[in-house]
Amino acid sequence: MSADASNAPLRTRSIGQPLARLDGRAKVTGAARYAWEHELADALYVYPVQAAIARGSVVSVDIEATRAVAGVVAVITHENAAKLQSDENKELWILQSAGIGFRGQFIGAVIAESLEIARHAADLVRVRYDEQLHDADFRSDRDDLYAPEKVNAGYPTDTAKGDAEAALRTAEVVVDQTYTTPMEHNNPMETHTTVAVWDDGHFTLYDSTQGAHSLRKTLAPLFGLDADAIRVIAPHIGGGFGSKGTAHAHDVLACLAAQAVPGRPVKLTLTRQQMFQLVGYRTPTIQRIRLGANRHGRLAAISHDVIEQTSRIKEFAEQTAVPTRIMYAAPNCRTTHRLVKLDVPVPSWMRAPGETPGMFALETAMDELAIACQLDPIELRVRNDAEKDPESGKPWSHRDLVGCLRKGARHFDWDRRNPAPRARLRDGWLVGTGVAAATYPRYRMPGSVAMIRYESDGRYVVRMGAVDIGTGTWTALTQIAADALDCPVGAIALDIGDTHFPNATVEGGSSGISSWGTAIVAAARAFRDKHGANPEVGSEASAASPDNPEEERFAMHSFGAHFAEVAVNAATGEVRVPRMLGVFSVGRIINPRTARSQFIGGMTMGLSMALHERSVMDARFGEVVTHDFAEYHIAAHADVEDIDAIWLDESDPHSNAMGSRGIGEIGIVGVAAAIGNAVWHATGIRVRDLPITPDNLLA
Amino acid sequence: MNPFAYERASDAVRAIAAVAADPDAMFLGGGTNLVDHMRLGVAKPGRLIDVTRLPFDQVEGTPDGGVRIGANVRNSDLAAHPLIRARYPVLSQALLSGASGQLRNMATTAGNLLQRTRCVYFQNVDTPCNKRRPGSGCSAIGGYTRYHAILGASEHCIAVHPSDMAVAMVALDATVEVLGPSGERRMPLVDFHRLPGDAPERDTVLQHGELITAVMLPALPLAAHSLYRKVRDRRSFAFALVSVAAALQIRDGTIQDVRIACGGVAHKPWRATRAEETLRGNPATPEQFGRAADAELAAAQPQPGNAFKVKMLRNTLVAALQELAGVAG
Ligand SMILES: Cc1cc2nc3c(=O)[nH]c(=O)nc-3n(C[C@H](O)[C@H](O)[C@H](O)COP(=O)(O)OP(=O)(O)OC[C@H]3O[C@@H](n4cnc5c(N)ncnc54)[C@H](O)[C@@H]3O)c2cc1C
Ligand code: SF4
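Protein chains in written order, with our numbering: chain F, 72 to 770; chain H, 40 to 368.
If you're looking for bench data, these hints aren't it; they were derived computationally from the structure. A hint or two may mislead.
[As the list claims (entries may be wrong)] Heads up, simulated SDA-like pairs for lysine to any residue below, C-alpha to C-alpha not over 25 Å straight-line:
1) H:350 <-> F:498
2) H:83 <-> F:564
3) H:350 <-> F:496
4) H:83 <-> F:195
5) H:350 <-> F:161
6) H:83 <-> F:142
7) H:350 <-> F:486
8) F:98 <-> H:140
9) F:161 <-> F:201
10) H:350 <-> F:757
11) H:350 <-> F:195
12) H:83 <-> F:185
13) H:350 <-> F:687
14) H:83 <-> F:133
15) H:350 <-> F:500
16) F:459 <-> F:447
17) F:478 <-> F:720
18) H:350 <-> F:493
19) H:83 <-> F:701
20) F:478 <-> F:489
21) F:161 <-> F:691
22) H:83 <-> F:186
23) F:412 <-> H:140
24) H:350 <-> F:89
25) H:83 <-> F:343
26) H:83 <-> F:184
[Stated by the list, open to error] Part of the chain F face toward chain H, derived, beta carbon under 8 Å:
27) 191
28) 200
29) 454
Note that CB positions come from ideal geometry on N, CA and C, so glycine has one too.
With the hints as extra help, turn the sequences into a complete structure.
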């Protein structure tokens, strides 16, 4: 079948229905097994030993007291751990040398008969260090900033279109401001867990991962194995937000521990505090934005310069200025990314890396420009809407930012808004409203394969090694399979979460449904081509997610608009958010119920970013000192009041057969700007450094 | 976490003798603070004596209009108690503003008074801290001080006492009843917690082996007109940046009597005596409230990371008093 035909639009019947989560009952009754919960006989428990310095090396490790504890089975350090075969990824290159790259890095592990014994015994390990001066000081005025080769997701580090400097010099109105976002940590409810068994040259891993296949592909070369020698089982995952998208050191530590006790399962789960050192985080950013416009608000130039950090042992360059390249129709645009390498843990993906911090800066600057031009902020965005992708010049597969803004304005009663700041006081609370735009690229990752077999019970088994990280994948893929096979949802038996099933790409970049769904559609079409509408029991077909030539012809992005109402206490500066509305243009919605959860979940995380989240790095120690939930605040229920998400009724036929573009991340993008803009409207105070805490707003 | 022995006390005197004789033993209340510290390695008792089954679990009105609160009364029960809600609304509000429902169901009155500071360096055994390891230095000075003191701190420690409940009790002239190896003693709660001075390892004047049995609240008619105002970084489940417990009695526009205590600002619940003095006998006006706040805060010595607390406490105190006075700003 030609590629074009496999991407032909699907007739939708189950797709679009608000089907309740198929795995919901298993989850609320505890029947759903998360990584730690698989019942395995004879399990041992692993507790890590971590570096107490930020840079230097281990001189000696005294494990005498540790070994003496009853129930300790083995202790591994760089002196006796199995040798890894590849040092390409230094984050994973643990227990191989005495070197220490950041505080908290794994330098050993205790394996014992119970978790309590392992933890206590790990406490007794005495380590002598050769400590070197570390540097964890993130500032903009450093002389060792450098330009990475490219930024995350393969984007160019810098771009320049036209002559932004010249256009800024002659612009009638210029906004030139610096915005900062703090270091932030992903905190999925399920802590990162790996249960590993090493048996006869094979690993079996029960892992909380966003990609069963991608995990084993990362681990296999480290251990000198074929991917087939590793089986990853991951039927249910308690959230990830990107922090489970790549393998982290705990995966390797569990495998090394398993190799020390062949045949016995070893269980490792990180504590909440350890998650602040070992599973990635969002880099802090310092962003200078310059907007040049004429007095009617037409943008002539956009300039976005980003400074962020990475770890000395491994580079991760967040693509913070990338959304700026496509957002608005400015003839002149330049963007840059500069990094500083520090003795800190390795940053990584956190929900909508790039877009989330970048759009806070850009959309706050747009609000400042609207005020400078005395324009309504919605009108400013409408005037600068881009008819085609400003970066590539390609037509959009579909762009309806203006539709989102207008629909939201109607629902939010925006037209009645008085633009004056600090003009509404209700019972001691200053009230204001704000708006900001959102965007997220449509990604599809190649290589996912689905297999379909017709069973004697009249059901179609649909298999692939995809994972459900809590988003509703079990349900959405079942709906897609039902429509692809033209049968009811009840006739589908989905099997995911195991590398025994065909390859599936990682759940990241909001690409899961696009990547996996298209494989299922292709397999279903292959199945019907081969076996017809009345297949014999045992009939099978497999197919891979087809290439999509439209990806070359069109720029594919989702868009959205966030509206927020805030109330700021005039005496204490406390901020409340009584109302939030998100409006999204994301192609077809597969399941409105789970989609809404994704949107309002993302918006809640955006609220949390706006008002609460901040990992405080104490550079003297090279350590995040706010490393638990009492200190690292995430929005509580009480912070979230009237919140709603709606979307435009649309389908994007260029994107894939379902017409969808992916929805997992766009919900968070732009929220912090909308809230910050509302805070300005309420108080007249512009906060350019997140989070917006009460001390910023004391009058 | 170290291995430890666990015993359930059924007799107060025996429990006290056991702890007094064993430097490694500690009383266990609801465990919401101590068990956390054991996990983190901040506390390493070899032996826990669980005192929650001892019969100190009543809230009783006294004939003169006061209330006696048993040491084991849970925070949730205390907050909901009709006598507390009627006679001391400030205390009920303070309790409900603390922690979460689950924690309040576990936390005891005595344990709440004795909870330790939330200073992040105190809770991290890898960083120097004079309170945890005397003489090792204070990491907070020059570090993360958002939740640290602006009043009564020393060069050895700038931590704050995190309890909300205790702030309300200090405003209410509470007395602590303690049973020790050599008998009973009682002291005003305001003298129970210490300022850090050069011995920040000692939070209170309690001796090892002394058991809190009750907190006495005296009859205080003006407390029926009282409130607790807590300013925090998140709407619930967060410690106070600053807080104010206040009770006010006004006649003909003149302040007859007043009680004020502040939280989040010092190593102990801070009784604002200077502010009280500035108010008694004076007109209940926003200007006078501001003068009172200024008088109390004249001695403030904030850190670079918490200078905002001076204004925040001033504003909060004025707003709380205005609310009690029913005066428009
Ligand atoms: C995430 C989190 C958020 C929190 N937020 C707040 C908040 O906002 N406001 C607030 O005020 N509190 C807050 N708390 C703290 C909570 O109030 C305390 O943990 C609780 O009150 C301690 O009571 P407990 O009975 O559990 O004490 P335990 O942990 O059992 O004991 C604490 C101490 O008291 C000693 N002790 C216990 N009983 C006696 C006794 N009868 N005599 C002598 N010594 C005794 C113990 O030996 C121990 O040293 C929070 C706690 C957590 C974990
Ligand atoms: S402020 Fe007190 S508790 Fe905190 S580090 Fe300093 S001495 Fe320790």
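Hints and how they fare:
1. H:350 <-> F:498: Holds - the C-alpha atoms of residue 498 of chain F and residue 350 of chain H are around 21 Å apart, at most 25 Å.
2. H:83 <-> F:564: Distance ~52 Å between residue 83 of chain H and residue 564 of chain F Cα, so the pair is violated.
3. H:350 <-> F:496: holds, 20 Å
4. H:83 <-> F:195: Roughly 13 Å separates the two Cα atoms, so the pair holds.
5. H:350 <-> F:161: Given that 25 Å is the threshold and the Cα spacing comes to 47 Å, the pair is violated.
6. H:83 <-> F:142: holds, 20 Å
7. H:350 <-> F:486: violated, 37 Å
8. F:98 <-> H:140: The given pair, whose Cα atoms are some 24 Å apart, holds under the 25 Å limit.
9. F:161 <-> F:201: holds, 20 Å
10. H:350 <-> F:757: At roughly 19 Å apart (the allowed maximum being 25 Å), residue 757 of chain F and residue 350 of chain H satisfy the hint.
11. H:350 <-> F:195: Violated. Residue 350 of chain H to residue 195 of chain F sits at ~46 Å, over the 25 Å cutoff.
12. H:83 <-> F:185: Holds: residue 83 of chain H and residue 185 of chain F sit about 19 Å apart, inside 25 Å.
13. H:350 <-> F:687: Distance ~23 Å between residue 350 of chain H and residue 687 of chain F Cα, so the pair holds.
14. H:83 <-> F:133: holds, 21 Å
15. H:350 <-> F:500: Holds: residue 350 of chain H and residue 500 of chain F sit about 18 Å apart, inside 25 Å.
16. F:459 <-> F:447: Cα-Cα ~23 Å, so holds.
17. F:478 <-> F:720: holds, 11 Å
18. H:350 <-> F:493: holds, 20 Å
19. H:83 <-> F:701: holds, 21 Å
20. F:478 <-> F:489: holds, 19 Å
21. F:161 <-> F:691: holds, 24 Å
22. H:83 <-> F:186: Cα-Cα ~18 Å, so holds.
23. F:412 <-> H:140: Judged against 25 Å, a Cα distance of about 43 Å means the pair is violated.
24. H:350 <-> F:89: violated, 51 Å
25. H:83 <-> F:343: Measuring from Cα to Cα gives roughly 21 Å; hence the hint holds.
26. H:83 <-> F:184: holds, 22 Å
27. 191: Because about 6 Å separates residue 191 of chain F from the closest Cβ in chain H, which is inside the 8 Å limit, the hint holds.
28. 200: violated, 12 Å
29. 454: violated, 37 Å
Checked against the numbered hints given earlier, this structure breaks hints 2, 5, 7, 11, 23, 24, 28, 29; the rest are met.
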